[in-house]
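Trainee: Model the full assembly from the supplied sequences, consistent with the hints where possible.
2 protein chains.
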Amino acid sequence: MAANSIAERDFIRSLYRQASGGRGPLRLGIGDDCAILRPPKGIEIVVTTDFSLENKHFRRDWHPPQSAGHRCLARGLSDLAAMGAKPLAAFLSIAVPKGLEKAYLNGFLRGFMALAKAHSVPLAGGDTAAAPGDELLADITLLGTIPQGKALLRSGAKAGDGIYVTGRLGAAAAELEQLAANATHFKAAKPSEIHPHLFPQPRLAVGQALLKRKLATAAIDISDGLSVDLLHLCEESKLDAEIETATLPLGATLMQALHGGEDYELLFTASRPVPKKLAGVPITRIGTMLPRAGRSPRMSLLDEKGKRNLLKPQGWEHQL
Amino acid sequence: MAANSIAERDFIRSLYRQASGGRGPLRLGIGDDCAILRPPKGIEIVVTTDFSLENKHFRRDWHPPQSAGHRCLARGLSDLAAMGAKPLAAFLSIAVPKGLEKAYLNGFLRGFMALAKAHSVPLAGGDTAAAPGDELLADITLLGTIPQGKALLRSGAKAGDGIYVTGRLGAAAAELEQLAANATHFKAAKPSEIHPHLFPQPRLAVGQALLKRKLATAAIDISDGLSVDLLHLCEESKLDAEIETATLPLGATLMQALHGGEDYELLFTASRPVPKKLAGVPITRIGTMLPRAGRSPRMSLLDEKGKRNLLKPQGWEHQL
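Just so you know, the sequences run in chain order Z and D.
Under the working numbering, the first sequence is numbered contiguously, ending at residue 320.
Under the working numbering, the second sequence is numbered contiguously, ending at residue 1320.
Because the hints were derived from the structure by calculation, they are not lab data.
Only true hints are included.
Under the rule of at most 35 Å between Cα atoms (straight-line distance), these lysine-lysine pairs were calculated in the DSBU-like manner:
1. 56(Z) <-> 1187(D)
2. 214(Z) <-> 1041(D)
3. 1041(D) <-> 1214(D)
4. 1187(D) <-> 98(Z)
5. 312(Z) <-> 150(Z)
6. 1150(D) <-> 41(Z)
7. 56(Z) <-> 1056(D)
8. 117(Z) <-> 1238(D)
9. 1056(D) <-> 98(Z)
10. 1056(D) <-> 102(Z)
11. 212(Z) <-> 190(Z)
12. 1041(D) <-> 150(Z)
13. 102(Z) <-> 1312(D)
14. 1214(D) <-> 41(Z)
15. 98(Z) <-> 1312(D)
16. 1212(D) <-> 150(Z)
17. 102(Z) <-> 1238(D)
18. 1098(D) <-> 102(Z)
19. 312(Z) <-> 1102(D)
20. 1150(D) <-> 117(Z)
21. 1056(D) <-> 117(Z)
22. 1307(D) <-> 1238(D)
23. 1041(D) <-> 158(Z)
24. 1150(D) <-> 212(Z)
25. 1214(D) <-> 1307(D)
26. 1102(D) <-> 98(Z)
Okay, the calculated beta carbon distance ranges per label pair:
27. 1272(D) <-> 150(Z): 43 to 49 Å
28. 306(Z) <-> 1134(D): 49 to 55 Å
29. 214(Z) <-> 1272(D): 50 to 56 Å
Taking beta-carbon pairs under 8 Å as the criterion, some of the chain D residues facing chain Z (in silico):
30. 1036
31. 1045
32. 1079
33. 1082
34. 1093
35. 1134
36. 1153
Beta carbons are placed, not taken as given, at the ideal position from N, Cα and C, and that holds for glycine.
Mentor: In C-alpha cells form, the structure reads like this:
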C-alpha cells in the first residue's frame, strides 16, 4: 500500500479508523508494506479477487452507495462460501475519480464495512489511487481458511449426484430490472431489508455447514446465472446435468431463474440426502448429474410434461 | 474469478496456458471459485495489493506493453521484498477497454509472466472484466511467506541505527523524464537491459538476506521517493532521521535521488555494520536515525559543508 498524495493519505487514515479491531490471525493490518497473517495449524488458505467497476458492476445513478460497497465485498465472500471457507481477511483497492461526491465514497465504505462486520472480516489492507477516468473502481481480494484438503471444488461431482441450490433463483435479476425502471424508489434501501440485488447475502454459513457435514461433492456460487455456473460445474466434473423445471425455487420468472446473474446462492451436488434447511437457508433439489454423453458438457431441462429440452448456457448480460 | 463473456473466457484460458506449472504450496490455481494454498509450517503470510492504472501508473503511448506488465508485478514484488518475504502466489485482476490492440494486451501479459518466471511466482488467479472507460486497468495481489515473527517492519528502527539503501537513487525518475521526451526511443527496450523506470528489479534477494542474517531493524521499499518513504519509516519507528548528502548513491540529480519515485530500491536501518554488497547489490549507508525531537518526525539533510537543512517530504508527482 502506497500513498501518493495528501488526499490519499487522509483516505487511508479513514480506512484505518474503520478497519475492525478483533483480529485473531491478522498480526499486522494496514500501515506497512504488507499485511501479515499467521495461518492457524492444519488449514489451507483460499484466495479470490473480484472487480467492482462503476458502469460495469454498479451504476452511481442506480445503486445507493451502501449497496455498491456491500456488493463489492459480497462478490468475494460468495466465492469463499462456494469453497466452504471461513473469511480470514479482506483487501480493498479503490480508485476514486475526480469530483466524486464525498458522500458516495463514505456510503460505499459504510456498506462495505457493515457487511465485513457482519461476517467478522477484518479489512487488512489494499491500495488507493486517483481513477484515470470518471468511474469509481474497486477490486476486492479475500482470503479464507479451510481444513486441509477439504475444500468444496467444482470438480468433485459424481454421476447420479443430486443437484441442489440455496434460497431462490432469479430474484436478483428481477430487482435489477425494477432498479433500472425506478432507481429513486430504492434510494433508501437498507441492508437489513430483503434486497436480492442491492444487498445479496453470501451463503458463508451454508458453505461451512456443507463442508463440515461432508454433504457436498462439488460446489460453485451462482454469480453468472444458473445455466452458466452449472456449465462450469459440468466442465470441471466432466459430467452432464439434467434440471427438472418444476422443482426450481423461483424467485422471479423461469428465464430469470435460469439465466439471471448475481443471485449469489450456492449450487452444489451431493451423493446422499441433504436437509431441507442448512444454517436457516432453504435447500432445494433441482436435478441430477449424469455421465458425460458427448465430448462437451450437455445440460438438459425436463419440463412439467416430461419433455426434455437442451439447456443452453446464457451468460448474464450486464444490463448496466 | 467469474467469466462474463466468451472474450473473457478466452482470455482466462490464455492466462491458464501461461500460468506456470511447478507449484509447491499452490494446491489449486486458476479455474475454481478460489485458489488454494497450503502454507508451509512455521510461517506467516504477507499480502499486498497494488493498482496499475493506465494514465496513472503507465501510459500506453509511452510504456512498451512488456514494461507495463513488468511494472504491474514489480510493484507488488517490491512490497514483499521490503518485508523480507519469499513470493508465494500472484493474483492479477485486469479490465480491458474496448478497442485495446490485442498486441498490447499480449505484451502486457508477456512482461508480467517473464518477471513472474524470473522470481518463480505462480499466477494463481484473478479477475477479468471489460473496462468501463478507455483505460486498461490492472490490480495485483501478491502473497508471500516469512518465518513467524521475523518480518522486516517499518516500525523496528532504533535511535543510532544506520540508514541504508540498495542500488542507486533517482535513476527511475531520470528515465521517466527521457521517456516523456522521446518515447519512440524506448519502444524496443528489453527487460534484460538496464531500465530503472521501465523494468525495475524488485530487491527480493536483498530483503531475504537482510531477514535471514538479522541485519535490518526496519525496512521499506522506495516507491514514492526517498523523502516520503523515509518519513513513513520515521513515523512508524517514532524517530527522526539525518541524511548525509555526500553519501547518497546518485543515479541521477540530487533532487531526483531525494524525491524521485519508483526506484523500487530498499531503504532499511541496521544497528550493526552491513556488508557493502548483499545478493550482488551494492549497499550504501546514507545517514542515521535520531531520537524524536518534537511531536512530528523531523528529517534533515547534512550537506558537504556541514550545513544542516530540513528535508521536506515531497510526494512523487506522477508526470503522466
